Amino acid sequence: MTTETFSAESQYVVFKIGPESYGIDIFRVNEIIRLRPITPVPGTPPYVKGLVNLRGKTVPIFDLSERLGMFADEQTDSWRIVILDGKHGLVGVIVHQVCEVTTLSGDNVDAAPPMTSSMNADLVLGVAKTEVGLITLLDMDKVLGE
Amino acid sequence: MSNDLDMSQYLDLFLQEAEEQLSILEQETVKLESDPTTDRLNLIFRAAHTLKGSSRAMGFLNFGDVTHEMENVLDLLRSGQLTVDREVADALLQSLDALMAIRDQIAEGQGDAYDAAELTARLERIAKGGSAAPAASVEAPKAATTEMARPALESEVEEALKATIAAGAKVYETTIVLTEECLMKYVRVFMTLNAVQEQGEVLHTVPGHEALEDESFERQFTLYFQSTEAEADLLRKLRGIGDVQSLHFAPWSPAEASAPQPEAPAAEDKAPASPTAAAKPEVAAPAAPTTPAKKAETNQTVRVDVARLDSLMNLVGELVIDRTRISQIGAQLAAKYEMDENIEALAESVGHIHRITSDLQDEIMKARMLPIETVFARFPRMIRDLASKLNKQVKLEMKGGETELDRSVIEVIGDPLIHILRNSVDHGIESPERRLEAGKPAEGTVHLSARHEENHIVIEIQDDGGGIDVQRIKAKAIKQNLITAEAADRMSDKDILQFIFHGGFSTAEVVSDVSGRGVGMDIVRSNLQNLGGLIDLDTVLGHGTKFTLRLPLTLAIIRGLLVKVAGVVFVIPLGSVVETLHLASSEIKSIVSKEVVLIRGVTTPIIRLRDRLRMSGSCDQQAEDSCYVVVVGLAEKRAGLVVDSLVGEQEVVIKSLSRYCGEGAGVSGATILGNGSVALITDVNSLFGLDHQGDI
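Just so you know, the protein sequences line up as chains A and B, in that order.
For reference, each letter of the first sequence is one residue, going 944 to 1089 in the numbering used here.
For reference, each letter of the second sequence is one residue, going 9 to 704 in the numbering used here.
Since the hints were derived computationally from the structure, they do not count as laboratory data.
Being a predicted model, the structure only gives us computed values, none of them experimental.
Here a beta-carbon is modelled for each residue, glycine too, at the ideal position from N, C-alpha and C.
Wrong hints could be hidden among the right ones.
For the chain A half of the interface with chain B, some residues (derived, Cβ under 7 Å), not all of them [stated by the list, open to error]:
#, residue
1, T982
2, G999
3, T1001
4, S1048
5, G1049
Quick list of in silico lysine-lysine cross-link-like pairs, DSBU-like style, CA-CA up to 35 Å [unchecked claim]:
#, chain 1, residue 1, chain 2, residue 2
6, B, K597, B, K502
7, B, K645, B, K597
8, A, K1000, A, K959
9, A, K992, B, K602
10, A, K1000, B, K645
11, B, K39, B, K448
12, B, K397, B, K407
13, B, K403, B, K136
14, B, K645, A, K992
15, B, K502, A, K1000
16, B, K403, A, K1000
17, B, K403, B, K344
18, A, K1085, A, K1000
19, B, K245, B, K60
20, A, K1072, A, K992
On the chain A side, residues computed to face chain B include the following (Cβ under 8 Å) [to be verified]:
#, residue
21, I975
22, L978
23, P980
24, T987
25, P1003
26, M1013
27, G1029
Sequences are here, hints too, so could you generate the full structure?
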């Protein structure tokens, strides 16, 4: 079902969570902002960290590492919030480091391998092989629970 | 081109106008029975007349016929040849219903298929029955219009026409009376203008051009124009125009036109009424001045899409946030660079922005305000119908209809009020016999009043009926297994009264189609809760019941009390806040594993926000031996919310919670504070709900 997604070349924003690299389709990315104070919202899943003020709008923030089932890391200066266009408006995901924007073609992408880590396989579109290593491409619709 | 003008583009306008005029008709007609003043008659007459004109223009002949017959009856009433009795009022109201039904049919695209024959016959009978003379007097003025009265010209116009003649041009005047069936008068006017302008120029029209375009003239209009075309050709062209009843065409000459006439026909746009008016000057007098006043009013208002107002409101909301932000930064800078001369300028500028945004916010809030009259307007009719259905005599007295509130509130307040009013008439007011027995006047009174109180609107509905029998409520509640007899005995009267807000609860022995099915009062309560409103109830057995509703003026911006819970700022809508207390921890007692506190003798349940909202952060400044309690009220319920500290009071713009946050339990929305951080708005409503789940 995902082959169509990779048939042509497309650009991905590559970022790190822990030591691993991940990619999100650049068309989904609205902007990247520095970490800012997040107001927790009661009664939400643990990976929903709360709301931030993005130029007068309140935007919900997901912790991607928690969503992917990984352990929380010590917060560093390189942490960023990637603001995405979600189906229900803007939504941000916390990543540990934004690396680059890269072009991937379908040839380089394999379907998700049987899961290696504790990560939830449903959330992965595929894995791209590049010179710098493997990049896990995320299905953001599923990540955001849509 | 003009013959096949697209009617559909006028349909919206027609429906809008019909809406307005019908609401005037409804309001005034109901009052007519008790208070038939000439002002009121004139108002009704004008509304009916306007409707007649516009419906006929649109080709809705049934609609037109009904309004026409109404007009005849109204005319007789105005001239005193008929008096307003029950039959007349009923007939007028029935006509009104018919008009509304037709309007709805038209709006649904079914056209004007309503069979109004019976109704028009009834109105006709009334008109004829009034006296033989009135029929003639209605007809007579009609005939008068077909006789062409020559309009008098203002002297400057006459001078201009004379000047044109002096310049060697030929000036003509033509007066055209359109047939009564003419649907689109302006089309005919337009064709006439086209005809004479082919080789000439229109110099002046009576009535004015605008009036012609608005079709706000009876059936007759006069054009003054110069033309180089032969007279015979002009005449032939003018004769070619359809829907013309009579045509007068002649070269214009000053001598002929200067015959002094006291009044220009343009001023009296209701030509048929004028002979009657002349006979009864006191009738005409109030009518004349109001017409131009009304015109002026319509010119000064603009219809604005509600969505546009909403988006303006949002923009201003963001501006307000940034304003607070800037003024905070300004204060910080001032502390840092005390000596800098720019600081003072900045402070000044910030102060100015502050004032302007406040004003802007106020103005936009006002633009969204509507008088509550728009809701009240339908009540007199409702009460009247209800009372006659129940064979009761009820008088509705309304006060404070001019009280304004936000349209978001107006939209939702109607249903609760209807329910309460229906209850007051059905359950509250007794039958005339019972009332007389009890030594009260046969006619019951329901007072409905609205007023502003700080940031709230208070609406009271008070009847002088039988009051609510607490014992009966208690018995019924026990019977319906809502409560055990022992528990009921322990409850205060006030608590027992709350059962009337319980879904499915009704004390009416007989279920009527008015009320008694027990679905009314719980709707009232849930609607009010959704609005962040409070409802209170007072009743004295034998003397009546009073409902007091307290509502916020707007739902877009609220004043909130800022509190801190586990290091996070929460906003509690000030409308729900009853009081704040600083209590020693020992004052919170535990009863059956539930925490309560005694506030002035009233046992109030305690909700610890930290636990309820499952906040895990550390509290920063809470001392163990004391705590802050915010007492909130929801409708008639009270609860004390335990918070870590009080931060302050602030106006906040409500932003809805993102769908990604799910149903944020206990939180109804978010807002952005002056320091740029996001704060959550507590949902007092759901806090009570959560509390009650634990109860049962």
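Comparing the hints with the structure gives:
With its C-beta approaching chain B no nearer than about 4 Å, A:T982 sits inside the 7 Å limit, and its interface hint holds. With its C-beta approaching chain B no nearer than about 4 Å, A:G999 sits inside the 7 Å limit, and its interface hint holds. Of the supplied interface hints, the one on A:T1001 holds, with its beta-carbon coming within about 4 Å of a beta-carbon of chain B, less than 7 Å. With 7 Å as the threshold, the beta carbon of A:S1048 stays out of range of chain B, its nearest partner Cβ sitting at about 32 Å, so the hint is violated.
Annotation: A:G1049 was flagged as interfacial toward chain B, and the flag is violated, the nearest CB pair being 30 Å apart, outside 7 Å. Annotation: proposed proximity of B:K597 to B:K502 holds, straight-line Cα distance about 23 Å (limit 35 Å). At most 35 Å may separate the alpha-carbon atoms for a hinted pair to count; B:K645 and B:K597 meet this at roughly 19 Å. As the CA atoms of A:K1000 and A:K959 are separated by approximately 27 Å, the hinted pair is consistent with the 35 Å bound.
Distance check on the hinted pair: A:K992 and B:K602 sit about 31 Å apart at the alpha-carbon level, within 35 Å; holds. Only pairs whose Cα atoms come within 35 Å are accepted, and A:K1000 paired with B:K645 is accepted, the gap being roughly 34 Å. For the suggested pair B:K39 and B:K448, the alpha carbons sit about 24 Å apart, so the restraint of at most 35 Å is met. The suggested pairing of B:K397 with B:K407 holds, with an alpha-carbon distance near 25 Å, which does not exceed 35 Å.
A distance of roughly 31 Å separates the Cα atoms of B:K403 and B:K136; the hinted pair therefore holds under the 35 Å criterion. About 33 Å separates the Cα atoms of B:K645 and A:K992, which keeps this hinted pair within 35 Å; it holds. At most 35 Å may separate the alpha-carbon atoms for a hinted pair to count; B:K502 and A:K1000 exceed this at roughly 44 Å. For the given pair, B:K403 sits about 51 Å from A:K1000 by alpha-carbon distance, which is inconsistent with the 35 Å threshold.
This hinted pair does not check out: B:K403 and B:K344 have alpha carbons roughly 68 Å apart, beyond 35 Å. Distance hint between A:K1085 and A:K1000 is fulfilled; the C-alpha atoms sit about 24 Å from each other, no more than 35 Å. Note on B:K245 and B:K60: the hinted pairing holds, with a Cα-Cα distance of about 30 Å set against a maximum of 35 Å. Between A:K1072 and A:K992 the CA atoms are separated by roughly 32 Å; this keeps the pair inside 35 Å, and the hint holds.
The closest approach between the C-beta of A:I975 and any C-beta of chain B is roughly 18 Å, which is over the 8 Å cut-off, so the hint fails. Interface restraint check for A:L978: the shortest CB-CB distance to chain B comes to about 14 Å, outside 8 Å, so the restraint is violated. Checking A:P980 against chain B: minimum C-beta separation of about 6 Å stays under 8 Å; hint holds. Using the Cβ-Cβ criterion of 8 Å, the hint placing A:T987 at the interface with chain B is satisfied: the shortest such distance is roughly 5 Å.
Look at A:P1003: its Cβ gets to within about 4 Å of chain B, closer than 8 Å, so that hint holds up. A cut of 8 Å between beta carbons decides the hint on A:M1013: the least distance to chain B is about 20 Å, and the hint is violated. Proximity of A:G1029 to chain B holds as hinted, the smallest CB-CB distance being about 7 Å (cut-off 8 Å).
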